[in-house]
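Enquirer: Use these hints to put chain B onto chain A, whose structure you have.
2 protein chains.
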Amino acid sequence: MTESTNEPRYTENMQESLLHIQNLLEKHALVEGVAHKEALPRADRHALIDTLVHKQHLTKLRAKLDEMHAADIAYVLEALPIEQRLQVWDLVKSERDGEILIEVSDSVRESLIASMNREELSAAAGQLDADEIADLAPDLPQNVMRDVFKSLSIEDREQLRSAMSYSEDSVGALMDFNMIHVRDDITLEVVSRYLRRFDELPDHTDQIFVVDRDERLIGVLPLKRIVINEPDVVVSDLMHTEMKLLHPDEKADKAAQAFERYDLVSAPVVDEDGKLVGRVTVNVVLDYVRTESESDLLNQAGLLEEEDIFASVWKSAKNRWVWLALNLCTAFFASRVIGSFEGTIEKFVALATLMPIVAGIAGNSANQTTTIIIRALALGQITQANSTRLLLKELAISGLNGLVWGGVAGLFAYYLYHNVALGLVMTSAMLLNLIAGALVGLLIPMAMHRFGRDPAIGSSVLLTAITDSGGFFIFLGLATIFLIN
Amino acid sequence: MTESTNEPRYTENMQESLLHIQNLLEKHALVEGVAHKEALPRADRHALIDTLVHKQHLTKLRAKLDEMHAADIAYVLEALPIEQRLQVWDLVKSERDGEILIEVSDSVRESLIASMNREELSAAAGQLDADEIADLAPDLPQNVMRDVFKSLSIEDREQLRSAMSYSEDSVGALMDFNMIHVRDDITLEVVSRYLRRFDELPDHTDQIFVVDRDERLIGVLPLKRIVINEPDVVVSDLMHTEMKLLHPDEKADKAAQAFERYDLVSAPVVDEDGKLVGRVTVNVVLDYVRTESESDLLNQAGLLEEEDIFASVWKSAKNRWVWLALNLCTAFFASRVIGSFEGTIEKFVALATLMPIVAGIAGNSANQTTTIIIRALALGQITQANSTRLLLKELAISGLNGLVWGGVAGLFAYYLYHNVALGLVMTSAMLLNLIAGALVGLLIPMAMHRFGRDPAIGSSVLLTAITDSGGFFIFLGLATIFLIN
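Protein chains in written order, with my numbering: chain A, 1 to 485; chain B, 1 to 485.
Same shape as in the complex, but just chain A (with noise of 0.2 Å):
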């Protein structure tokens, strides 16, 4: 068995260890029914090797999660179903608990705050630097919080207050405050023997900052160049005064786009005065980046949040619910457009059994515009200038696949019914309705924008709604002019 080491390990095949790790919980399961079973009516020496095999499993267990990274076991927490997560997480050595509980996702960080009492929680938190803390803030209970809060330091008291007060979507929510600085005045060797009084530097401090008398932000200095100088250099003649600065209150995306488009591996926030507030690490921008691409995807699929896929059927259900409520009106109105032209079906079948094309493919052809459309929305490429010129463009590939795919459809109906002027009605429709969707496919996320909404929520069940409903008017308008006498 190996020795729990005072590094944690990083995982070479997670899956590997996930299945381990849910063997062991097998084994022990197993174990312990047999022990719950056998215990009564047997003798002492049985429950005795149960005993001893039992605890076997738990210390192996236990062994393998101390060896393992933090992120690592959230991993496996979030794989785990309810009761063996919980049991897991008691396992997990209490000084963890706090990192822990910073890697796992919000669904089930709620699962395991919930398996957690007052003390415990607090003795978590307490493990955590203020940005952290503000990140469990909303799921931990208000007295949970005033402990925390007084166990904190002036500095650190301070900390947490700013960074509970930035909005979830800003810079200031993904700053931290474990920033280095320095004054420019100084040489790398004084730096040097500041820097040597450190255990240990922050994680990502690939600068360190340098600021004036006042605190304000003057330049940033790079470990890189600080190695590659001899010591009696002065700040000031090496540091960068070039520097990308942030803002507390500047949107979070922002931020990211900077990142990946500058490659920076961390940068300075300052506030109005130009003063030194914080920083930001591209690890948490990285997971930025993918929380925010993964409820775009969650959101496009009509899901509120992310869902642990353990949770209780009733809460999946109630994530789902917002979603197909919406798009059962939305399906209930198409149903009266279609109501409206009962007469005209009923003399002309047909017409049921070709609608759904003429609904169902405009609603793909739009829903294509919106997506580009949404992208290029986010990447802030679309201005008063070329506005009308990608209106004209969407506009202009809707007619070419009305030509194109309705004059497919048209003939399609034409060699089912042998009659030419449904075929021209079906071709109609189809161009008609692929128009329209391009319309509002790119007019809905431009419209949403300018209100200053998020255009990726939404803009696809209002898409829908009206390719169903207007296709269902348009090709059976079409008909009942052209094809019932």
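It should be emphasised that the hints constitute simulated quantities derived from the structure, not laboratory data.
Mixed in with the good hints, there may be bad ones.
Here's a subset of chain A near chain B, in silico, CB distances under 7 Å, partners left out [what the hints assert, rightly or not]:
(1) 303
(2) 327
(3) 338
(4) 385
(5) 388
Backbone N, C-alpha and C define an ideal beta-carbon position, used for all residues, glycine too.
Expert: Quick look at chain B alone, frame taken from chain A:
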């Protein structure tokens, strides 16, 4: 007017910069237009003034571009229509061509490369590192690649060959060769002397690599540790031996997960003998994560690849056609399913108005299931042990949804047509189709994953095909049995 400086500036407000450049381009175009019109009949004086004004705008634009970061120029190029894009591209100093080509997206890169001749392209590629040339290689003409290859040193050629040999989604494709390595028996003082021989350390050098006599990696030494320790400490006493190792043939996804989980800035890549062959840095990982998540979103919307928003109508249409053609096929099939119940619909036309509801809601619900399963698969959270559990959970949710929303839809049908049997058929059809949707929504991605395919691509077409056709079949089938005598 600002002087161009050596160090490029970070742009504070990208959208403003873009507007400024568009403005200059338009003024320039205006002057050019006037010059063309007036040059023929009128006096020389006019033409001279025009040329001066004309030149002035271009000079301003060039100065602006010179001081911009390569990544910001790339951003501007992306946001400009093709003629203006090429105008700006011509104004960029040719020694920056290489770095900018690396920054732009694939589709925009194509348009830039198409405007350059062999010499220009060879020169641009010559400015880049081997791993960057490998990224450009698929877009460069054969003869340019031959030129570039000839101009490289033997070591660079070897690196280029190696970089080009790895598949696009492997660690090898993310890797660069800018790693600094030292031996473990030297002191920090010797390390420092060695480092000072560099003018500049490679970007993202947060650690240097420690290798043995045979170039096998035995540890890593963070710069952070170098600066906080005394010069007489020996490397072997200070280096970490626990480190995350990557392998060139590993999936890039795995590397990205390791960077996210362990908050890495750089990680060594070793071959099967443990020899150091390269490193991966977090900026590349961040780009990779962004690109992957974008292509997930694009694929979900049925787009083959990212689209230059100013690409020709024809090119954009081709990017969207595969999907539309596939959807048209599945729509034709669904249409034939309805067609086989024409007799039923003729007798009871209300069915035509209600059938899209059954199909649509199940499609949405199945899509939610698939999205959650795809995410869990990507994270490796689904094991043999819990897949049955997940299946049961999804079936339970869809059953619940079927009762709730199917019930609502049934009441809606009853309210409209005052027919209890119709309401019951509606509810049962919704329930059955939702359950079927959950089943395929779970099984399709799991099967695709088992067969080594990316479940994010194509799942949704298949899914919609099944919930549409299936919904029509179940609803109209039940109606034929229970409603039509």
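Enquirer: Classify the hint on residue 385/A as holds or violated, based on whether any CB of chain B lies nearer than 7 Å to its CB.
Expert: holds, 5 Å
Enquirer: Does residue 338/A hold up as a contact with chain B if the rule is Cβ-Cβ below 7 Å?
Expert: Holds. Min distance 4 Å.
Enquirer: Does residue 327/A pass the interface check with chain B, least Cβ-Cβ distance below 7 Å?
Expert: holds, 5 Å
Enquirer: Just to be careful: measuring from the Cβ of residue 303/A to every Cβ in chain B, is the smallest value less than 7 Å?
Expert: holds, 6 Å
Enquirer: Should the hint that residue 388/A touches chain B count as held when the rule is a Cβ pair under 7 Å?
Expert: violated, 11 Å
Going through the hint list in order, the structure does not satisfy hint 5, though it satisfies all others.
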